[in-house]
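Colleague: So you can see what is in the structure, the chains are spelled out below.
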Amino acid sequence: MARILTAGEFEELYRATAPELFGYVRRRTTADAEDVVAEVFTTAWRRRGDLPAPMLRRAWLYGVARRLLLAEARRQGREDATVTELASRPEQAPADAGEARRQAVRAALDRLSPAEREVLLLVEWERLTPAELAVTLGVRPGTARVRLHRARRALAADPELDALARALRAGSRA
Amino acid sequence: MDPLPWTDEHTRLVTDTAPEVDGADPAALARTWNVVRARMDDAPPPRRRRRRLIAAGVAAAALAVPAGLAAADGWGARTGRSAADAEDLRLGGPGEHLDPAGADYAEVIEEETRDIRFPTAAARRIALDSHVEDARRGGGAEPGTTSVSTGAIRGWTAIFAVCAWSNTWKRAIDAGDTALRDEAAAVLVTARTWPAITDLDPRQATSMATMDVYDADTGVTTTEVHADPTQYYYLREVTRAVAAGDVDALAASLAAHANCLGPALMPDFPQALPSDGPGR
Chain A
1 MARILTAGEF EELYRATAPE LFGYVRRRTT ADAEDVVAEV FTTAWRRRGD LPAPMLRRAW
61 LYGVARRLLL AEARRQGRED ATVTELASRP EQAPADAGEA RRQAVRAALD RLSPAEREVL
121 LLVEWERLTP AELAVTLGVR PGTARVRLHR ARRALAADPE LDALARALRA GSRA
Chain B
1 MDPLPWTDEH TRLVTDTAPE VDGADPAALA RTWNVVRARM DDAPPPRRRR RRLIAAGVAA
61 AALAVPAGLA AADGWGARTG RSAADAEDLR LGGPGEHLDP AGADYAEVIE EETRDIRFPT
121 AAARRIALDS HVEDARRGGG AEPGTTSVST GAIRGWTAIF AVCAWSNTWK RAIDAGDTAL
181 RDEAAAVLVT ARTWPAITDL DPRQATSMAT MDVYDADTGV TTTEVHADPT QYYYLREVTR
241 AVAAGDVDAL AASLAAHANC LGPALMPDFP QALPSDGPGR
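Just so you know, the sequences run in chain order A and B.
Note that our numbering has the first sequence beginning at 1, numbered continuously upward.
Note that our numbering has the second sequence beginning at 1, numbered continuously upward.
Rather than coming from a laboratory, the hints here were simulated on the basis of the structure.
Please note that a few of the clues may not be correct.
Quick list of simulated restraints, FRET-style, between CB atoms [to be verified]:
# : chain 1 : residue 1 : chain 2 : residue 2 : range
1 : B       : 248       : A       : 52        : 25 to 33 Å
2 : A       : 35        : B       : 179       : 36 to 44 Å
3 : B       : 35        : A       : 114       : 39 to 47 Å
4 : A       : 16        : B       : 111       : 54 to 62 Å
5 : A       : 127       : B       : 236       : 44 to 52 Å
6 : A       : 127       : B       : 5         : 39 to 47 Å
7 : B       : 133       : A       : 35        : 22 to 30 Å
Just so it is clear, CB atoms sit at the ideal spot from N, CA and C, and this is done for glycine as well.
Can you build the whole structure from these sequences, using the hints too?
Modeller: Here is the structure:
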């Protein structure tokens, strides 16, 4: 098992990962990101004996942040809004074709189950690998891969999303 | 698995929907670090392999307190609730959710852990008192704000008992007390079968997990293999060490994996405490 981090090493971990976590939290909630990130690292310090190998620590921190956001949302009675606050972000009339496409993709994402949407966004927005996804979700790597596969399959099967993907592919060939 | 109709275009479409958010500016990073740094000084010593404890604490906010209930004298630790779903069960452990703010919390955990055998009443007291201190320190003073499962409490208590019996085993070896040594060894080699342990980890197994690890700096993904032991897999090491009379192996396993609280519980076996923990 890895040696427990010193305060100096923990500060290095903070400097290396906090900016990404701010992005993650701000993409998912309008709550005060500083409060959430502070709680994530306070928890991490308290549990520094449980931290995984260095290459998986970022994912572990995402997992703590995810649970804090879930708990906060549940406390507020907004379970469905937890995984992503896509739905809560006010949609504006599309100003251009790109924005119209983004709104259509967001609508397709909203048609997924919250769990499928979360898996997809952790990978596509946060750039987590399947191994990191497993740590973040607290499941085995094989389970994470299956969930990602199912989520991608569900979204790819959405007719509107499928049409957009075909159009994009045709445009890039032209 | 079925062939996946997922292409680079799908990835581009989804990635493109990521909301534009302000990055963490240096001032926000510094402010947040100052908050964390201040809390670090108040944090208890690190604990290893107590995922269920901490996870239960993190998830506790999800447990809604019925409207109309408020802090009051006589607030009890027993809530009558248990895990609401599979994830709750996995994170928080089995059994009833207890409210550490309950006036009878100490009595309730004493009842719940009565079947776990300690070498002395004093060792049991140290173990149970640590739960109360831990809960109060963790913000459990406000009724209805946090909870911990009886399964988790029993699991940690079982490990405290393993630690206490290990201390007894070591003391008996040092004193040449073969009767006490054999009694302690007989208890320790059965620890893997205690209900408090098997309720949480019936398999106590390990496997090798293959993971693709992405390096954001280089953009390179490598495949790595890691051991993936279950929560109490190390009790197999404990059993082997005791059966072999190997004090050093037992110390190494406990120091690496168990939370033995500190010198109060382990006065004769400081080698079994983490080298950077309290009392070493």
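Colleague: Take the hints in turn and mark each one as holding or not.
Modeller: Against the structure, the hints come out as follows:
1. B:248 / A:52: 25 to 33 Å: holds, 26 Å
2. A:35 / B:179: 36 to 44 Å: Since residue 35 of chain A and residue 179 of chain B have Cβ atoms about 57 Å apart, the given range 36 to 44 Å is violated.
3. B:35 / A:114: 39 to 47 Å: Given range 39 to 47 Å: violated, Cβ gap about 30 Å.
4. A:16 / B:111: 54 to 62 Å: Distance hint for residue 16 of chain A, residue 111 of chain B is violated at roughly 46 Å.
5. A:127 / B:236: 44 to 52 Å: Hint violated: Cβ distance 37 Å, outside 44 to 52 Å.
6. A:127 / B:5: 39 to 47 Å: violated, 22 Å
7. B:133 / A:35: 22 to 30 Å: holds, 26 Å
Of the numbered hints stated above, those contradicted by the structure are hints 2, 3, 4, 5 and 6, listed in ascending order.
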